[in-house]
Amino acid sequence: MRRLGVVTIGQSPRDDVVPELRALLPKNVIVVETGALDGLSKEEIPPPQAPERTLVTRLSDGTELQVDKAFVHGRLEAAVRSLETRVDLIAYLCS
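Counted the way my numbering counts, the sequence shown spans residues 1 to 95.
Please keep in mind that the hints were generated in silico from the structure rather than gathered at the bench. Fair warning: this is a prediction, and the values are worked out from it, not measured in the lab. Ideal placement from N, C-alpha and C gives every residue a C-beta, glycine not left out.
Listed next, with one range per pair, are the computed distances between beta-carbon atoms: (1) 73 x 17: 17 to 27 Å; (2) 27 x 47: 38 to 48 Å; (3) 49 x 28: 41 to 51 Å; (4) 91 x 27: 17 to 27 Å; (5) 42 x 18: 14 to 24 Å; (6) 86 x 19: 15 to 25 Å; (7) 43 x 1: 36 to 46 Å; (8) 20 x 50: 28 to 38 Å.
All chains, full assembly: derive it from the sequences and hints.
If you want it as structure tokens, here you go:
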């Protein structure tokens, strides 16, 4: 079985996107999700420090949230590292 890691700038699971992705993949591909904001409560996520540093994402409960780009960037690196030994390929989910 092949394993695809998907990383979102918000929280996983992303039930609004990943099921559509799974439908496009061969049946022998397992999708492993992680998010840059996983494990954090809404209160622990700092707001954007300036308008040009704003990213919009979703929490695991579906809540839309504006976050600071620099904060997310640092956490994305950790999210990717958490997948590196568990999957064959990593893809970022961000639009």
